[in-house]
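S.K.: So you can see what is in the structure, the chains are spelled out below.
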Amino acid sequence: MSEPVKVLGERRAFAPLLTVEGLQVRYGAIQALRGVSLQVGKGEMVALIGANGAGKTSTLRAVSGMLKAAAGRITLEGKDTTSLKAHQLVPRGMAHAPEGRGIFPNLTVQENLELGAYLRRDTARIEQDMEKGFTLFPVLKERRRQLAGTLSGGEQQMLAIARALLSKPQLLLLDEPSLGLAPQVTETIFRTLREVNATGVSVLLVEQNAHLALNAAHYGYVLETGEVVMAGAGKALLESAEVRRAYLGE
Amino acid sequence: MATPGATTLPDDMAGPIPPALRGLLPVLLALPVLALAEWTLGASPFATYLLSVVGVNIILAVSLNIVNGMTGQFSIGHAGFMAVGAYIAGVTSLSLKEVALSFLPVAASDQVLFVVALLAGGVCAALCGFLVGLPSLRLRGDYLAIVTLGFGEIIRVFVQNTEAFGRALGLSGIPQYSSVAMVYFWVFLVVLVARRIAGSSHGRSLWAIREDEVAAEAMGVDTTGYKVRAFVISSFFAGIAGGLFAHFVPIINPGSFTFVKSMEIVVMVVLGGLGSTTGAIVAAIFLTLLPEGLRSLFGAMGAEGSLAQKVDQIRMPVYGVLLVVLMLARPQGLFGTKELWDVLPRWLPRRKKGLS
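Quick note, the sequences are listed as chains C and Z, same order.
Counting from 1, one number per residue, gives the positions in the first sequence under full-length UniProt numbering.
Counting from 1, one number per residue, gives the positions in the second sequence under full-length UniProt numbering.
Source of the hints: derived by calculation from the structure; they are not laboratory data.
From a predicted model like this one, the values you see are computed outputs, not experimental measurements.
Every residue gets a Cβ at the ideal spot worked out from N, C-alpha and C, and that includes glycine.
Heads up, some of the hints might be wrong.
One-sided excerpt, in silico: chain Z residues whose CB lies under 7 Å from chain C [stated by the list, open to error]:
| hint | residue |
| --- | --- |
| 1 | L31 |
| 2 | L96 |
| 3 | E163 |
| 4 | D212 |
| 5 | E213 |
| 6 | A215 |
| 7 | A218 |
| 8 | G220 |
Okay, chain Z solo, but in the shape it has when bound (with noise of 0.2 Å):
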């Protein structure tokens, strides 16, 4: 594999901290945010749900930026691999559940388990990107669109139709290990991963080919091996993600996993900038937010339930007309390419600027 750093980044960006930690400064800096965010919520479910929630979405738009933002490549199944993490972390958690690992005390060892099963599904994922990805990456544009779909599909159709994974009624009595720092600690890692490829030359690959696939080749850019590795990635977080919601809502079934959630991420992605973690993390957040915002609008309207119980089923519309107005207003998404430290104001200090 050829990954050399024929790109001169200036060294300029060492500072008093040394390179080898400053990679996980931001994840020392989020534990005791996590702590303090753990121990005031635990009084009210609802506000742990809705932050995992959004963590979860937050989850599944970066890692779908990867591929649709950074490489290009446009995928809308991206709920498919959701639902083979969840379900297979589902099911792992399920059969152990009668375990404990005797040497540590009952909720670390649920933890551990948790976080084994949590593995499972998003190796589990992986490995169907790496299948789905292998023949399908050499398609472009809406061809890849479509197949991704189709398999999205495939997936929820076989789930329905398994004995083992509940059919249609789903998949109940998972214990429910997730809490809002395991659903944060994830997304930092995910974030974590996301910055790290771009800013890699394995970005730049990337870059490359979204720029012009062509071209990127005549570089010498493997350019299918890259792509593979794109979707590997995003789908293994795809799955994490899916294995956090399962061990949050009390039951998961087919009807999570459809088309229209596969819409609502590619709409985050596209909605935050194609390429831009930060517009991904903003829009997972205000896309998630917006339906409660609505509901709690329609209350305060005195719509009597009604209005605000079909939430739901206005959703949709409701993207679909921010999509047209953002495409007419700002067709590179809110943050285009940029990310949070390019649009902070000038006295602040500042990144160097990379390729994104």
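Chain C on its own, in the form it takes in the complex (with noise of 0.2 Å):
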């Protein structure tokens, strides 16, 4: 860790719920992650950007215990989870839905939502929450019978948070939902993932469409190389400079 993170803009106050500190991963002898540190509020949206190989994915990863940290300390409600497996998070409340959406194409919308539940013994309530989830986006609704691999990019993201958010999810990590989609789709997933947010439940995004993610989100975090190298409220990085230079292509 070199220079200091500079800070812009005010964040607004949120209970904490994710903590990770001096987070370091490593592929092998390569060094993704050099100590990464950044917040999650209960109820926040949170943004993180960077360019290709920053290290935005490896972070999701090891947050949702998906990969191994090397060093650091990463903490869910004020507990230590950061030796924990993703199937162990899951009931703790992380859902991920991963990079390329991660849907199952062989399976229906309605199994590849069932599996979202895997973890849940309350049956009664999951058929309340996949109608939640049908509320959101209704295009679900009517492909509940069809095979996953059949819809369009954008209905198998809006699938992919559909069946994250059957987990019950406190703190929701997205990665990239905008990957290979129209803008128009893009900002229908975006509308909703902030009316999903409203409901209280926390984003963590990782986003290469700045723009977007930063406008969405409360907070973010700019990422370089594996480090945070800026981190500020979403619209006072998305006025910054140095932001719109290298991320927004002025």
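Hints in hand, dock the two standalone chains.
M.R.: This is the structure:
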């Protein structure tokens, strides 16, 4: 960790939910993350932006327990979860919609959603929550008997989000929800994300599309070669000359 | 371990038969058929032998299908687990040869000892499956295939150089306890287990892993745990198949458990359709009887022994051609992921379609 992180704008006060301190991740000899620290509050939407290879996805995967942290500490609601694996974190309220959507193409929409509720035992409530998902994304209801692989890219992303929500998460981790989607579809998805966030679900979002992400998020972190180089309120980052030059092509 | 019934399987499968009995039903139905088969075939050693080989191959194919088909992990060392079962069961039987349980008639005592030997072989194979699976199931695709291939070869070479296992000469004199009924009892057991797994939430987890491992992990599936469990179950039955095999062939030697045998089982699973138990059974029957069919075909063509005797050698090219044709014409295998009742005509009563 070299230079201090440049902080822009005021952060709205949220009760802390996720705290990451000095997170390091290695792939063999290559160090992907060199000490990332960040926070997500309860009900907050936080965006993680940065160029290709900056370590955005690695951060997300380490937080959700799919990657082992080489060093650092991750706490969820004050409890240390650094060494926990994904299947232990899901029941603690962490839901991860992986990059490239990761839906099950040969299962129907309905079955995909059922898998989202995989660890839940309150069968009666699942049905209700599934209906809630259908209100968020009505198109999924029309297609509930269809194989997920036959959905359009946007619909698949919606399914991935709806499925992640079915585990009743406190924290939703989203990896590149706009990947390969038409701008209009992306907007629909982000609008729904804000709705979801407004119901109290915290969101940690990784995005290439800095403009969209920072507009939607309360707070943002800028990653560069495995380190947080800048942080700040979404709008403030969006207005900063450096971010505009580096990520918005101005 | 988290295996909740999160998915809501409709309870309309509840018929007039109580659920507890329904699992046993296939076995109960099969018993008289097996008894009949045993009785009619008693006179023909060749038919008995062939039926036993078919049964053993069905066990191997159905058990491999749990790993390769349902879980989508490409394992090509199944003959290795079979060898473990064959040798452990064989050695157990040999050392218990003189033992007789005094409170039972001789025949019954032999069968009890046989089952003990089989279970010893199965458990040892399962243990090997656990030891191999735990580190290697973190690998994906080709890498796992290479590790399992390596394991199969290690077992073979180990046996070939161990005095207690008879080295390259193999083990002979293993009491011939096996019977068609015993083989098919295990066939039913493995089919039952495979089907029960497929229909359970355990099976859905395996299915999720097969479809997309990352997504399954994100959903909270303990991917490594499920893969290892599938591997252990599969190895157990491979060991049982090996144990059965050891008790009806006159001699077992390392040559019976080479890479070619592993490949044969993989071909059965792929031909039948990855994920279909029905497919594995049909393909196992077909591919086991194919050499016999070829033999009589060449015999009938008057190819005077020469060709007919070489059937065992030309079998592999035939498999190769079969696979190429299959991949071109029907890449999902004969049955795809469907089961018998999915392809039966509509007028037959059908099971509610689940995941597989």
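S.K.: Each hint: holds or not?
M.R.: Taking the hints in turn, this is what the structure says about them:
1. L31: Cβ of L31 (chain Z) sits 36 Å from chain C, so the hint is violated.
2. L96: violated (43 Å)
3. E163: Since the shortest Cβ distance to chain C is 43 Å, the answer is violated.
4. D212: Holds, because the Cβ-Cβ distance from D212 (chain Z) to chain C comes to roughly 5 Å (cut-off 7 Å).
5. E213: violated (9 Å)
6. A215: holds (3 Å)
7. A218: The hint holds - A218 (chain Z) has a Cβ within 7 Å of chain C, the shortest such distance being about 4 Å.
8. G220: This hint holds: G220 (chain Z) lies near chain C, its Cβ roughly 3 Å from the closest one there, short of 7 Å.
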